[in-house]
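Enquirer: Given next are the chains, with one letter for each unit.
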Amino acid sequence: MKESVLTMSDVTKVFNTEEMETHALRGIDLTIYRGDFVSICGPSGCGKSTLLSILGLLDMPSSGKYQIEGEEVSQLTLAQSAYIRNEKIGFIFQSFNLIDELTVYDNVALPLRYRKEPLPEQQIKQAVETCLAKVDMSHRANHKPNQLSGGQQQRIAIARALVGQPSMLLVDEPTGNLDSINGDAVMAMLQQLNAEGTTLCMVTHDPRYADMATRQLHLLDGKIIDSEEHSDLEHAFKIPLAQ
Amino acid sequence: MLKHNLLIAIKSLARVKSYALTIIMTLGVTLGVMVAMYNLNYQIIAAPLPYPDQDRLFLVQGQLLADGEVKRENYLPFLGAIEAYKDQHPGIETFALHNISIDVEQSLPNSPTFNMGAITPEFMQIIDAPLALGRHFTKDEGLDSNQPVAIISYDVWQSHFGGSSEVLYRSVTFKGISFVIIGVTAEHFAEPVLATPTWRTDVWLPYDYRDTQEPLWTFSSNQVHLVGKLAKDTDLNRTQLALNNWVMARYPAAVANDPTVANTEVKWRFTTYKSRIIGDAGNTSVMMLAGSVVLLLIALSNVGNLVLSRAVEQQRAFAIQAALGAQPHHLFKQVLVELSLLFAAALIVATAIVSLILGLLKAGYAGPLARLNELSLNINTVLFAIVLTLILNFALAWAVSKQLNYNAIIGALQSSGKGSGVQVSKRTRQALVSMQVFFCISLLVLCVSIFKQSWAQLTAPTHINTENTSQIALNVGTLLNDMSTEQRATLVLEATERLNQHSDIVRAGIGGYPPIAYWLEQFASYHSQLEPGMDKPIVTHKLVWGTRVYFETFGLTLTQGRHFTDAEARDRAPVVIINEYMADVIKASGQEPIGAKLYARNSSDPITVVGIVGNLNLPNQPPISRIYRPRVNTGYPTIVVETKPNVQLTRQGINDLLAEVHSQIRVYDLQTTEQILSSHLKSQRVASIFTIVLSVVAVILAGIGIYGVFRYAIALRRYELGIRMSIGATPVAIFKLVLIENMQPFLIAAAAATCALLIGYVSAASSPIMQMMNVWSWFIPVALIASLVIGITLLSTWTIIRQPAQYALKGA
Chain A
1 MKESVLTMSD VTKVFNTEEM ETHALRGIDL TIYRGDFVSI CGPSGCGKST
51 LLSILGLLDM PSSGKYQIEG EEVSQLTLAQ SAYIRNEKIG FIFQSFNLID
101 ELTVYDNVAL PLRYRKEPLP EQQIKQAVET CLAKVDMSHR ANHKPNQLSG
151 GQQQRIAIAR ALVGQPSMLL VDEPTGNLDS INGDAVMAML QQLNAEGTTL
201 CMVTHDPRYA DMATRQLHLL DGKIIDSEEH SDLEHAFKIP LAQ
Chain B
244 MLKHNLLIAI KSLARVKSYA LTIIMTLGVT LGVMVAMYNL NYQIIAAPLP
294 YPDQDRLFLV QGQLLADGEV KRENYLPFLG AIEAYKDQHP GIETFALHNI
344 SIDVEQSLPN SPTFNMGAIT PEFMQIIDAP LALGRHFTKD EGLDSNQPVA
394 IISYDVWQSH FGGSSEVLYR SVTFKGISFV IIGVTAEHFA EPVLATPTWR
444 TDVWLPYDYR DTQEPLWTFS SNQVHLVGKL AKDTDLNRTQ LALNNWVMAR
494 YPAAVANDPT VANTEVKWRF TTYKSRIIGD AGNTSVMMLA GSVVLLLIAL
544 SNVGNLVLSR AVEQQRAFAI QAALGAQPHH LFKQVLVELS LLFAAALIVA
594 TAIVSLILGL LKAGYAGPLA RLNELSLNIN TVLFAIVLTL ILNFALAWAV
644 SKQLNYNAII GALQSSGKGS GVQVSKRTRQ ALVSMQVFFC ISLLVLCVSI
694 FKQSWAQLTA PTHINTENTS QIALNVGTLL NDMSTEQRAT LVLEATERLN
744 QHSDIVRAGI GGYPPIAYWL EQFASYHSQL EPGMDKPIVT HKLVWGTRVY
794 FETFGLTLTQ GRHFTDAEAR DRAPVVIINE YMADVIKASG QEPIGAKLYA
844 RNSSDPITVV GIVGNLNLPN QPPISRIYRP RVNTGYPTIV VETKPNVQLT
894 RQGINDLLAE VHSQIRVYDL QTTEQILSSH LKSQRVASIF TIVLSVVAVI
944 LAGIGIYGVF RYAIALRRYE LGIRMSIGAT PVAIFKLVLI ENMQPFLIAA
994 AAATCALLIG YVSAASSPIM QMMNVWSWFI PVALIASLVI GITLLSTWTI
1044 IRQPAQYALK GA
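Protein sequences appear in the order of chains A and B.
Our numbering applies: residue 1 is where the first sequence begins, and numbers increase by one.
Our numbering applies: residue 244 is where the second sequence begins, and numbers increase by one.
By construction, these hints were calculated from the structure, which means they are not laboratory data.
Just so we're clear, the structure is a prediction, and the values are computed from it rather than from any experiment.
Any given hint could be a false lead.
As the list claims (entries may be wrong) - DSS-like cross-link-like pairs, simulated, lysine-lysine; straight-line CA separation at most 27 angstroms:
| # | chain 1 | residue 1 | chain 2 | residue 2 |
| --- | --- | --- | --- | --- |
| 1 | B | K1053 | A | K65 |
| 2 | B | K260 | B | K576 |
| 3 | A | K116 | B | K1053 |
| 4 | B | K979 | A | K144 |
| 5 | B | K329 | B | K576 |
| 6 | B | K246 | B | K260 |
| 7 | B | K830 | A | K144 |
| 8 | B | K1053 | A | K223 |
| 9 | A | K116 | A | K134 |
Given the sequences, and given the hints that come with them, work out the whole structure.
Expert: This is the structure:
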């Protein structure tokens, strides 16, 4: 039996401004199992990023239930959600989101420095070196992010996402700021990670990369309109995303 | 082009009203305070006195020395002054005599008390005192002429004679003598302050009518002044030496028959009018100026930060203008015009603040500073304000233009805007915060030091009876000359008894000037010996005369021995009550205080100690030995009364009672002990209020400035903080991270301020302000500003850490 990493049930997200109320997510039901590689597709403004933010506890749902590894997380305090984010979720952003003032090493080490129980420096060093080696960036440990290419920065971001050994990686348009060669390389790396057992949930516009996922979710107007397993891939391409 | 820039600036500022208002008010208030302080300092230190040949005017001050040691300062033998006045001296064009006192006018309604100035004619002539009506005293009205004429002040003319032009040749009556009014001083007449800064003479009389006892070479009083004018092109020091030789030659022969001053000598020195009038007010005013400068610097840091932040907000507008061909100097002009508008508005606010502060200063709210009656907004100050404003305006515009990276501005249109354009560098931001913290801590340390001392003096127990007690100073009018001492004693005892019989009065006792009274401070000190003999040690002490009830009502608490009897007071018995300080002196000599004998210096007549009372702790008076002797004072008596609760004595009511005893006895001064204490504590109260207000304003200004810088820094770091939050940083971790960075400029500035204060302490350890400092006066400001930095850090990060990470990442 598959073990679920996260479960969402009837999750909504409403943004209120002075002028209007925007329903970004409407009744999302979703379960991601350990080892899954889920891609979330959909047109601009359909709620992909909002869904990813809520999945990653960067934002809170307006209503509904959300559990990570069986623990209800929809009503946590900011500090509690920070700890869960730190231990169970790894983020990979489109714009890498590395901190320019820190070296590559310190960027990768950063999640471990925010652990609830402080880790010994030696353990941090070992974990950082392992992750840098995994993305083949050990030789750049003392560089600053702005000394690296886009592809290299994204590999550092992957290393940072992995260093805390999270239950799941949330990936937001990982190739959006990369050329096709670097994009392909990053996707190959993600596929490799998934093959090694890492659970991935990725938002992407690119159907080529969406195809690499084992499950594809299609979002439209804040709702999951379709969910397909890898075997239905041919059908998936026929979904008129523009709608 | 200027018109265009002005229009753009006005429209632009109209869109940011709170920004404009904050700058105008911050600059206006602090600039106004500084300009007012400049005006005060100019008036006190730099402005010429309103007298012709001011550098040639001097006051003679003296010292009494015994065995080469100064025994009394301000010692001017009364008769010596008169003889010096009568004699001719090389280098001195003219001498004048001046004697101040208080007297009761006997012909006007309500018997008002006036400040009196008895003068020789030269006194007003050498200062060319302006008159509203009439004339000065002439030579015919000089010493030994006994001409009953008077010159009244402008205020007396207005308040008691309705400003009538018929006032000349009307009269005022003192001690039964009618003085014909021959002149009225002009409204703008600034009297040279020779006694105390608050003194304003109401009525001037010829010197023959001075209110001081028979002239003696052995009598000196701070009411008596000898002033003069040097001859043209005369050296002051040489003339001073000649006069000193003159007095040193005469003094020994003049006092040869008085053993109490045997082996003493007198030295005279000249003090220019200017240094006498200014006194130590210059130090006070310079301190106030320094405080206002620091306040302005804090405000400028704030304004600098606000203006820089606005430049950042205007980045896109600058970029568009640059893309359309605007050169760096065009952008500079735009910034300059906008700032000029703000500074011009601030200058208007500052002018109002200056007027307000000058009004408060003249009303005495800052204490008795010198030359306050001459204080007005002068052209010099106006020019200073305009020049200062222009300099600050250009300096700030230049500082902002230095932060405008023209190339980055041009690039801003082509980029996404992230990380380019105008930014206030981290170094600039830290420098702004450091400056504010440095100035604020330095100012607060000084304020806390002064406040601590002032507050301690305000709240210190005095050990006198302030509950329902009052002091009634009596004027005995013509009785001083018409009756013997014994007759007057009987009369004033009767007057005291009449008060005692009044239903509102619990008790009343008669004596001399109490240890703290309405009259001038710094009463003379006396010298006694524990053994008779010229070579025996001298004890310096204060002396008060009175009856038992007088001392008990005043609040002296007997700790040992006995009190005086009424008979001892009447007979002026040779007994004395001493305070504990004096008792300690006697004990140190190996004697038991009770029963010990005291001798007036070089006298062999003993007075016996019969009691010991507790020490007093009176404002502006050092801890000193005091002795209390029994006597019914008849010259200038003071009755100390205790009333029933909630009773208010009135001058008219007391005068009516006294009139039943004798028509010449009138109230000189009537005040509750609380009022008297309060007037003596005025400078401490002013210092406390001034330091609190200054501290609060400084902290608020610094707080606003620091918040502006921190908020801007957080805005720049918002995205980075969002990233940190997205990978698990808790709100507390984010707060700590920002706090550590924010504490850096604080620590640098706190260390710099500490070093500056230490240097000040080491180099001027004996200065009064440094004497007031201790660890607490350093620790409290540092802790306060540290808390402020922590609080502002929390406030500035609040918008980030109180929301989910997504908001920081998105900038929502």
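Enquirer: Give me the numbers of the hints this structure contradicts, sorted from smallest to largest.
Expert: 5, 7
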